[in-house]
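The whole structure should be built from the sequences, with the hints applied where relevant.
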Amino acid sequence: MRWTQSYAHDIGLGGSYGHRFKEVMIPELVHFDGILIRDGLLGGSTDGAIYRRWQTKSPAFDPDTSSSLTHTRFLQLKRTLKLNDNKTAKKKGEEGYEPAYKYDFIFDVVCHNVRAITETASLDLCGDESSWAHQGWGEPGAGIIARIMNKPGITKGGQTVLLVDAYRCRPYSYLHRHKLHRKINDWNAAGPKEVRLIMEKIAPFIAGGGSERVLWKSKPHSTWDNHFSGCQILNWLGEEGYAATMTCRRNRLPKNVPPKYFHTEKTANGDKVARVARFQNPISAVKIQKKASVTGDPTSPDDFFTRVHVSMQSTSSTNFTTVNALNEVSNFIRIKNRGRTSTGSKRVWGIEMNDARALYLSTYGAVDTLDSMIRRCNIGYRCFKYWHAAKNHALALAVAVAYDIYKECLTETAAQEYWQLTDLERKRHKPLSFFDFRDKLSQQTCRYSPVNQYYPGDKNFRVVTAMSKESRDQAKRKKEHITTKAKSNGLISEEQYNDIKKKMKLNDTRFCGDLTKIKKHLAAKESITHKLHCAVCGKPAYSRCTICNVGLHGEVFAICVVHKELRLFLKGDGKDQPGEITEYAGVTIDWIRGRKAVMTVYDDSGKPQGEPIQLYELQTREQMHQLMIDKGFHKKSQKESIQELQVEQREKQLKQLGDGTSLYGRQMGIYFVVLLVIGSIGVFFISGKRKKTRSSIAHSALVSRV
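Using the numbering used here, read the sequence shown as starting at 1 and increasing by one per residue.
Derived from the structure by calculation, the hints contain no laboratory data. Note that the structure is a prediction, hence the values are computed from the model and not measured. Misleading hints may appear alongside valid ones.
Below, simulated DMTMM-like cross-link-like pairs (lysine to aspartate or glutamate); rule was C-alpha separation at most 20 Å, straight line [as the list claims (entries may be wrong)]:
{"#": "1", "residue 1": "LYS459", "residue 2": "GLU28"}
{"#": "2", "residue 1": "LYS459", "residue 2": "ASP473"}
{"#": "3", "residue 1": "LYS90", "residue 2": "ASP10"}
Just the calculated beta-carbon pair ranges, DEER-fashion [what the hints assert, rightly or not]:
{"#": "4", "residue 1": "LYS91", "residue 2": "ALA189", "range": "20 to 30 Å"}
{"#": "5", "residue 1": "ARG275", "residue 2": "SER300", "range": "40 to 50 Å"}
{"#": "6", "residue 1": "GLN420", "residue 2": "LYS255", "range": "50 to 60 Å"}
{"#": "7", "residue 1": "GLY457", "residue 2": "GLN420", "range": "18 to 28 Å"}
{"#": "8", "residue 1": "GLY344", "residue 2": "THR264", "range": "40 to 50 Å"}
{"#": "9", "residue 1": "THR422", "residue 2": "THR529", "range": "49 to 59 Å"}
{"#": "10", "residue 1": "GLY457", "residue 2": "THR529", "range": "26 to 36 Å"}
{"#": "11", "residue 1": "VAL294", "residue 2": "SER316", "range": "35 to 45 Å"}
{"#": "12", "residue 1": "GLY208", "residue 2": "LEU180", "range": "28 to 38 Å"}
{"#": "13", "residue 1": "LYS525", "residue 2": "SER16", "range": "30 to 40 Å"}
{"#": "14", "residue 1": "PHE332", "residue 2": "LYS90", "range": "49 to 59 Å"}
{"#": "15", "residue 1": "GLY12", "residue 2": "GLY457", "range": "30 to 40 Å"}
{"#": "16", "residue 1": "TYR418", "residue 2": "SER316", "range": "42 to 52 Å"}
Note that the Cβ used here is the ideal one computed from N, Cα and C, for glycine as well.
Quick look at the structure:
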């Protein structure tokens, strides 16, 4: 946020001349990324037409996007967004210069937070490059932007090497691909050098590496493709005690061994001779080598490292090269099957396999899986600034990682036991698909407001501290997970009623009454030119109630008026606040706001019954109940409550079908959306009685570090 605001000032935005530029706020940056995630969910804007999300008459219009930021503000943030401080960044030629300094921060945040939430990392890692497309130019002379071969849909752009968990979407380290890496004597090939640099970055997190965060108790095994292979890197890994498995390029076969002893000839597609010879009689070469750091005679197995090279005929000539990775090299048959027995299409066959190929196939491909999920995110927009493409690529990476963590928390037995999920909760809360997860995530980010005080640190925002203590307490989002068991007949059952009654015992009880009694407040709406914060929801308000003289959100003015009056109806400082009038039959209420709260009871004809009831002296629920009994009201039975809820539900359905613009329809529609969002993506494990997850690393982690 500071970097973005500073850059906006440097390019002349704001001040006394030109268009007004408001200072950048953290919620706006959250909304900015939420818009990109939502745009990708709805198909993306590769044609540069993201502006259609704000056009109300366009089929591509999205209300969540439109309500989170205006299109003008979105363009302002896009123009001024910064992930670094240009004034303090190292310049070319200075020691420590990083050509990817403009977008390095978001990659660093993602990997940092993955390491932070990981107690123990897997000993099997996978390394590969991840590519992002851009047809423009990067940093002069750095080689960040280059031609990219054999990457579907990408012919020019940049690449970042990722080191991830072999079985999960968890990036632990990264390395941007360019020409200005630290020079190492006699290390000229790009691939092997990248492996060495990225393994040096994770060394502090291995036991004995000097870091407080120990992710690996022993040095891990990593899998790479042939671009990274070679005797130089394999010997270095062996000397350092690492293990690795790689496919080997034909021009990087083991030295001092004639190539004729390995499979090196390239075969044409459909070669029948090669097809017959697949996986038959693989050639295995084993070399046990003493470490160069050992002087004199070796005294322990740690003084050696073992290199194994396996050469065989697959679809073409195939060579696997390993170091400290294989205990044996044996041949075996792996059974494969396709089809169904019931339909008679069941096919079973065997594939000749060996240990080297089995190890490689089981531990390679995690980065390709990440790339697939990143492409499905469709995050992007047209921009001549090259680093925006890399930043959007990293944002999609964060979304993919967050989804993988979300699935782990819901599906894996160890995580379920950690979160203390019951069998009923496990059955009820099935994991969302990647599409639905992005839908909920984009809705939450587009609707994010610190006024809800849902995340750590929200209570320190100025928009929250400017509110009264009572308003702050009332504005906190309720964390109870409300369960509604939908029935086919559309009515509320006794089971549902008991469930809702149990879960809805909140501190701030509601008072259901005749909304026509506050029509004077609804008619007192006045538009204003300067921005106020809504006294109820905290959102920017450009209208106010002339009676209450406070700002109220214009789009839901009536609902905010109702809530404000209900909240101020009775004054109280704790859980013993009076309430629960809805439990009594025959009550229609009106009130006078303020500390001298007065309730007036009306009969069916609309005439007051008796004198107004003074409420401001009440302090406990027991006093409220006794007062209602003294006034002749009886408590509703369970049957009456169920019937009332059923009538309300029927009225709601009729009003939504008949008049979607009515106050009632708008009020209930907004409540339904809020409940739908709150009751989504596993909110049940974010309760006061359970530990909060540390897995939310999409954008909130980036915001927290900025």
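Problem set entry | Cβ separation of LYS91 and ALA189, checked against the hinted range 20 to 30 Å | holds (28 Å)
Problem set entry | Cβ distance range 40 to 50 Å for GLY344 and THR264, holds or violated | holds (44 Å)
For this session: Return holds or violated for the Cβ distance of VAL294 and SER316 against the range 35 to 45 Å.
Result: With Cβ atoms ~39 Å apart, the hint holds.
Exercise. If you check the beta carbons of LYS525 and SER16, does the distance land in 30 to 40 Å?
Worked result: For LYS525 and SER16 the Cβ distance comes to about 34 Å; the hint holds.
Problem set entry | 26 to 36 Å as the expected CB spacing between THR529 and GLY457, which holds or is violated | Given range 26 to 36 Å: holds, Cβ gap about 32 Å.
Exercise. Is the straight-line distance between the alpha-carbon of LYS459 and that of GLU28 20 Å or less?
Worked result: holds (17 Å)
Exercise. Is 28 to 38 Å right for how far apart the beta carbons of GLY208 and LEU180 are?
Worked result: The hint (28 to 38 Å, Cβ to Cβ) holds, given that GLY208 and LEU180 are roughly 31 Å apart.
For this session: Given the hint of 42 to 52 Å, check if TYR418 and SER316 actually sit that far apart at their C-beta atoms.
Result: holds (46 Å)
Problem set entry | Restraint status (C-alpha distance of LYS90 to ASP10 at most 20 Å) | holds (18 Å)
For this session: Please test the hint of 18 to 28 Å on the beta carbon pair from GLY457 and GLN420.
Result: holds (26 Å)
For this session: Using the beta carbons of GLY12 and GLY457, state whether their distance is inside 30 to 40 Å or not.
Result: holds (32 Å)
Problem set entry | C-beta pair PHE332, LYS90: status relative to the range 49 to 59 Å that was hinted | 53 Å Cβ-Cβ, so the 49 to 59 Å window holds.
Every hint from the earlier list agrees with this structure, and none is contradicted.
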